[in-house]
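Undergrad: Given next are the chains, with one letter for each unit.
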Amino acid sequence: MNFQFSDEAEALRDQARRFLEDKSDRTKARAVMNSGSSHDAALWAEIVALGWTALRVPEELGGLGLSVLELCVLAEEVGRALSPVPFTSSVLLATEALLIAGTDAQKAKWLPKLADGSAIGAVALAEGTAVPGGKSKLSIAGGQASGQKAPVADAHSADFFIISANDGLYLLEKSAAGLTIGDVETIDLVRRSSRLTLSNAPVEAMAGGREALERFLQSAAILLAFEGLGGADAAMEMSVTYAKDRVAFGRKIGGYQAVKHRLADMYIKNQLARSHAYYGAWALLTNAPELPLAAAGARVAAIDAYQFAAEENVQLHGGIGFTWESDCQFFYRRARTLALSLGSKTHWSDRVVRNLEQRNMPFAA
Amino acid sequence: MNFQFSDEAEALRDQARRFLEDKSDRTKARAVMNSGSSHDAALWAEIVALGWTALRVPEELGGLGLSVLELCVLAEEVGRALSPVPFTSSVLLATEALLIAGTDAQKAKWLPKLADGSAIGAVALAEGTAVPGGKSKLSIAGGQASGQKAPVADAHSADFFIISANDGLYLLEKSAAGLTIGDVETIDLVRRSSRLTLSNAPVEAMAGGREALERFLQSAAILLAFEGLGGADAAMEMSVTYAKDRVAFGRKIGGYQAVKHRLADMYIKNQLARSHAYYGAWALLTNAPELPLAAAGARVAAIDAYQFAAEENVQLHGGIGFTWESDCQFFYRRARTLALSLGSKTHWSDRVVRNLEQRNMPFAA
Amino acid sequence: MDFEDTAEEAAYRAKVREWINANKASIRAEDHSSRAEAVTAAKAWQALKYEAGYVGITWPKAVGGQGGTAMQQIIFNQEEAKVNAPTGLYAIGLGMCIPTVFSHGLSPDIAARYVPVAMKGEEVWCQLFSEPAAGSDLAGIRTRAEPDGDEWVINGQKVWTSGAHLSDFGIVVTRTDPSVPKHKGLTMFIVDMKAPGVEVRPIKQMSGGSEFNEVFFTDVRVKDTHRLGAVGEGWKVSLTTLMHERLAVGGKPASAPGVQEMIELAKAIDLEEGNALEQSHVRNQIAEAYINDRGIALTRMRTISALSSGRTPGPESSISKIVVANTMQDMGAFASDLCESAGLISGENLPHLARFQGSYIGSAGLRIAGGTDEILRNIIAERVLGLPSDIRPDKDIPFSEATRLS
Amino acid sequence: MDFEDTAEEAAYRAKVREWINANKASIRAEDHSSRAEAVTAAKAWQALKYEAGYVGITWPKAVGGQGGTAMQQIIFNQEEAKVNAPTGLYAIGLGMCIPTVFSHGLSPDIAARYVPVAMKGEEVWCQLFSEPAAGSDLAGIRTRAEPDGDEWVINGQKVWTSGAHLSDFGIVVTRTDPSVPKHKGLTMFIVDMKAPGVEVRPIKQMSGGSEFNEVFFTDVRVKDTHRLGAVGEGWKVSLTTLMHERLAVGGKPASAPGVQEMIELAKAIDLEEGNALEQSHVRNQIAEAYINDRGIALTRMRTISALSSGRTPGPESSISKIVVANTMQDMGAFASDLCESAGLISGENLPHLARFQGSYIGSAGLRIAGGTDEILRNIIAERVLGLPSDIRPDKDIPFSEATRLS
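Chains as they are written, first to last, in our numbering: chain A, 1 to 365; chain B, 1 to 365; chain C, 1 to 406; chain D, 1 to 406.
Excised from the complex, chain A in its bound form (with noise of 0.2 Å):
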C-alpha cells in the first residue's frame, strides 16, 4: 500500500514551497490587484524557467513527462500562495486539455510552446447558469462557431483557448476572426475573467468528442481539488498564526474554545479534503475506474473545506479581517471563484450519488 506522494514529489513540493515563498507571498497578488494587470509576467516567467509549465509535456515535445502526481503538488502550492498566474489556466487545465483531447497536429503545435512558455492557454466552459458538460447554447457549423462564454479566467493572457460543446472541446486561437473578448468583473479581484463572443469563429475540433470532454472535466476537478485545499490550508494556517498572537481580555484568542474548536473544525474538513484529494490523484494516475467518482468525491470536499477556511478566517481575524488590506479577503473570494468556476458543489454531488449508484465501492466507506 502506497498511498502518498513519492519522495520525489514531496521533494519537489519543498522546492515549489520554498520558492513561492520567495518570490509569490501575497503581496504579489496585491500588486496584481491593484495594478489591474492580468498577471505578474516576472513571476511567470520565473515558473517558466523551473519548468513548472513543461512538467507534463511528454519529452518528445520539449517538456519533462513528470506524472500527473507532481502536477497536483504543484497546483496545491500555486493554490496556497495565491500565485497571480496563468498556472491554473495554461498548465492544470489547457495543457492537461491537450493532453487528453489533442489531435495530434494540435499537440505538436502547443505543446511546445505551452512548455517553453512561448503561449498560454485558457479554457472557457462557463455559459450563463449552465453546468460545464451540460447543454451548451454554442452553435458550431462547418469549423465555425456563434455564442458567448464567460466567464473566461485569464483570457487576456491566453493565446488560445480550449472551449466546449455538446460534442466535446475545441480549439480556438485567439487571433481568430469573429472572437471578441469583453471584460466581466467577478468577485476574483486577482484572477481576471473576460466574456468571449464567438460570431462564426473558426475553431478546430479536438479529439474524444463528449468523452474526452467528460475525462477532461474529472481531471480538472481534481486539479482545482488540489488548489482549494493549499487555498484552505493556508487560510487555516493564517488563522492559527493570528489566533496564537493576538490578545483578547488577557489571553491569546487561540486559547478560547470558540476559537480552537472552529480551528478544529478547519483542520477537520482539510484532511478530509485532502485525503478526498489523494484518492483522486490515485484514481488520475492509474486511471481507475473509480475516477469519475474519485474527481466528483475531490471536488465536493475541496470546496466544503475552502468555503469553511476562507469565511471563518475573515471571523478569527475580527475587525482587521474585513479591512481591504488585509490578506482575508484573498482566500475568501479565490474560495468562491474555485467553488463556481467548474460546476457547483451541488452539481459535483449529484455526480457523486450518480456514481455510487452504477458501482459497488472498491473499499468499505
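Everything hinted at is true.
Listed next, the in silico EDC-like pairs over lysine to aspartate or glutamate satisfying Cα-Cα at most 16 Å (straight line):
#, chain 1, residue 1, chain 2, residue 2
1, A, 137, C, 272
2, C, 204, A, 327
3, D, 43, D, 123
4, A, 135, C, 273
5, D, 43, D, 122
6, B, 252, C, 382
7, A, 135, C, 270
8, D, 82, D, 18
9, B, 135, D, 272
10, B, 109, B, 204
11, B, 135, D, 273
12, B, 137, D, 270
13, D, 204, B, 325
14, D, 184, D, 396
15, C, 204, C, 214
16, C, 267, B, 357
17, D, 267, A, 357
18, C, 82, C, 18
19, B, 244, C, 382
20, C, 204, A, 325
21, C, 43, C, 123
Covered stretches of chain D (chain B as the covering partner; in silico rule of three or more C-beta atoms under 8 Å from a C-beta of chain B):
#, stretch
22, 123-135
23, 393-403
Derived by calculation from the structure, the hints in this document are not laboratory data.
A virtual CB, placed ideally from N, CA and C, is assigned to each residue, including glycine.
Based on the hints, put chains B, C and D in the right spot on chain A.
TA: This is chains B, C and D only, laid out in the frame that chain A set:
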C-alpha cells in the same frame, strides 16, 4: 400591537406549570415506560378534573369555550413535562379535528365526552412513507374503509379515531367491526403506538372534505410546534442546570465556551421557534390568510429546535446522559416522534415555499 | 393577539403619517454614493423633524425631548423607513452619543451647548471606542488621557469609528490610570473632531466601502468640563452608551436581499432537471432562510409588543444580529451557487444576484461589527442563561501589568 | 501511488490467509447476543491464534510477541475481519492492558505470570479508569489506594468499565496522594476482579445495551508487587495506555449503515414527486455522508500507507471518531426523516431502516465514549495545531483543595 399571550393565558401557564412540576415530573414518564402501560390514568384523571380536556369545547356542549391561545399554552407545558397522558392525541388533535370537521351530530356525541373525560380520541393520519394530506391507500366505499394506519399514538386508550382519507376526514369508533389494533414498537418508549388494520370497517364521513383536512393539519402543526417548543426549552434548561453544576478540569463545564456557545445556539433556535409558534397561534386565533404559511413555519422551526436541543442535551451530559437512567433519552426520542408524526421537516419546508410562492409577505421578513 | 395598533398608537401613527405626507416632497432618499449631497439631504430632513418635534421622542422633556414612549419612537421609525428618509448620519450621534452627554455631562451648560444643536442636525457626532488592540475586549484600550491643569491631553489611536470623517464632535474613552485593573482606569470625554492633533483616515473594507475610520490623537487637548462621568468611571459610562447601541443594531440591513428575492432568482434559473425553484434542496434552503429571517422579524414583534403593553422586553432580541448576519452569508453563498459560473460575475443579468453577491461580502463584516458571533454567544450564555463567565487573567491586575500578558 | 501490498506485505497476507482458511471452519462469528457461547467461541479462536503465533504481532519477542511490524498487525486484522472472527473480548486486554503490564510491570515474575495466559485468551482483562466525577477529566479520579504493609487497600468507584463482568483482571488507576496536584498523586495497579470487595454492576445505556459497568471497590487488597510504574506516576502510565486506545478506536462501527444503505433505502421510497433518490436534497445528503465516511476510510489509508513505508503517521487519524459519530447521527436522523412516519416504527419493512434507527441512538453515545467531541477538538487544536491549552484552575494545587473548587 399585541403579539403576546394575554395575562389570563399567562396565569394559566403558571398554574399548569406548577401543577405539572408537582404531579408530573419525568418519573411519571419513566414509570409508564417501565410498566408498559398506555398512560398514567391517575394523572389523566387530575388533568380532566382541571378542565384541560374541556378547554376548547363550546359551553353548550359542556366545555369551557376558551380560545386556541389557552390550548397553545397547555401544549407547551405538557411538552415540557413529557407528561405520559393522551393529551396530544385527544385534546390537541382529536378535539380540534372535531371542532374543525365534525358534523353537528359528531360534535354532539363526542365533544361532551371528551370534555368530561369519559372518552379519549386519537387521530390516524400516518400511512407508511406517505406524507399526511398526501395520497392515502385507504379505500372507502359504502361507508366502509379498508387499509392500514400506523403508527397511531394512544390507540389503546382511545374510544374513537379520526382518520384521514383522500377526500377528507372520517370518524371510526373503536368498537367498529373489521378494526384490529396491533402493537407497533417505535423509538418513543413512553407514548405507545399501534397499527390499525381496517377491513370493511364502518366509518362516518366528517364535514368539509379535503379543505377541512388541510385546515386540521395546519392547526395540528401549530399545536405540535408548541408541544415541541416546550420539550426543546426543557431539554435546554436541563443542559443549563447540568452545566452549572458539573465540574471538569477544576471548573463548571458551563464556563467552557464549547459548552456555553452550544447552549447559546440552543437558545437562539428555541427563540426562533417560539416566535414562529406565536405567529402560528395568532394566525389560528384570527383565522388569518397567513395561516398555512405560519403553520408550516412554526412546524419547521420547532422540529429544528427540538432535534438540536435533544441531541446536544445528551452530548453536554457526557456519559451519564447516555444511560438508561438519564432523562436525556426522553427528549431524544420524543423529538423524533414529533418530527415524524405529522410530516417531516422537508415536507413542511416545501409547504413554506409553496406558500411564499403564492403570496406577498404581510410584513418584511 | 393582534398586529394592530392600539387606539393611542393608531392616533400617533396617523399624526406622524400626516406630517410625513406633508413633508415628504422634501425627502431625498438615503443615498450612500454621493457624500456631500447625502449630507445636505440628511441635514435638511433632520431640521424639519426637529421643528416638528420628532427628535428625541423618548428623551426627557428637560433635555428638549418629547417625553414619549418607546412605541412612539418605533412608530415614527417605521413610517420614516417607508419613505426611505435619510437618517444614517445621525444614528450614532443621536442614538448613542447625545444620550450619554445628557446623562453623564458634568453641567447644564454642557447639555445646553451640545444637545439642541445636535438634535437640529447642525452638528454630527461619532463614537470613539474600539482600538487596534481593543476590539471585542473593549476595556483593553490604550489611548491615554493625562491631566494638565484644567485640561486633559489625549494621545493614541482609535479604529472602526463610523462617520468620523463627517463628524464635528465625538465621545472618546481613554485610559487615565494604567496602575489599576483594566476596567477601572478609564474616563470618557467629549472631543472636538476639528481640534488640532485629531487626524481621521478612512479604512477601506473588504467590500470596497469606507464607512469606518482610524482616528489618531496627538496631544489633543480637552477641557475637564468636557468629561463625561467621574474620572475612572469610563467603563460604566461606556456600558450605558453600548446599551443604546445594542438596541439600535440587529435588524437586517436594508440592502440585504431576503427569501422573496431568493425565490425570484431561483425561478429565473432553468436547469436540465427543470426549474431551480422545484429542486428540493433549493426549497429546503429557502425555508431555512425564511425561518431565520422571518423568525427575527417576529422576534422583534415580540419585543415591540412588550413595549406596547408597557412591559420590559425579554432578552430575546439578543439573538438578532447573529442570526441575520449568518443567514446573509449562507444565502449569499447559496444564491451564487445556484447561478453556477454566472454567480461569479458582477452585474450579471439575473434577478437580485448583485445584491446577493454584495450580501455575501458584507455579511463577513456584519458577523464581526458591533459584537462578533463569539461575543454575542458569550453574552447570551452568560447574561441570559446565567452560565459562568470566561476566565479573564487580566481582570484584577493593573492594566500596565496586564498588557505584558500579551 | 497504489493500493496494492508491497511484496513483503503480499507474502505475509498470503501466509495469514492460508492459515485463516485452514482454521476458519472453527470460527463462530462475532455475536453480542448470546454471552456464554460468545465467550466460549472467542476463547477458542484466541487459543488457535496464540498457537499459530498471531497474538502480539508487534510486541517484542522478549515478552512473547512476534517482533513484527504494524503493517503485519493491520494485515492480520483485515483478514480476520473478513471472516468475522470474534475478537472483541480481548480488544481492551491485549490492546491496552497487557502492553501496560509488560511495559510498566515491576518484575519479570509479573510479566511471566500474566502475559502468556492473557495472550492465550485464558484470562480476560479490563481497564478501570473513568469515575463518576472523572469522565473527560480523567486525572480527577477519587478512588483511593492506601498503603498497608506490602499491600495497598483500594476504595472507590469506577464507571464505564467495558467488559468488567467478563474480566479476570483489570488495571486500575488510583489516587495515592491527595496532597499533591491532581496529575501527580496517581498510581496504577493490577487488580484481581474476583477479589473480595470488588463488585461489578452493569450500566444500562439509552440504547438498551449494557456493555459497560460500574465497579465498586471496598477494601480491596492489592500487593505492591502488582503496582504498574512508580508510586505517583500513574498519570504517565495511563497516558501510554490511552495512546493504545486512540490507535484502536475511530473506525466506523461494523453495525453502522453507510451511504450504500442510504441509497438502497432512498430507492425504496416513492414520493408523489418521484423516487426519493431523485430528490436533490437527498442526493446532497448522500454526497455529504460519502465525503465524511469515505474520507475517514481514505484518511486511514494515509496512516496505513505511512506505516507501510516505515514512516511515522501524521496526526490526521485524530479526526476519525468525531467525523464518524456525527455522520452516523446526521444520517440516522435523515434516514428516518426520509421514511416519514414509517421512520418511527421499529422493524418497519424498509431496507436498512432498523440499522439507521439503531445508529441514531448509538451515535449519541459514540460522540461521548472514548473522548467527547469537545475533548477531541481540544486535542486537535492543542496537540496538532499548537494552540494554547484551556486554563485549568486545578492544575497546580493539591487535589484535596481542588475538589473544593467544585
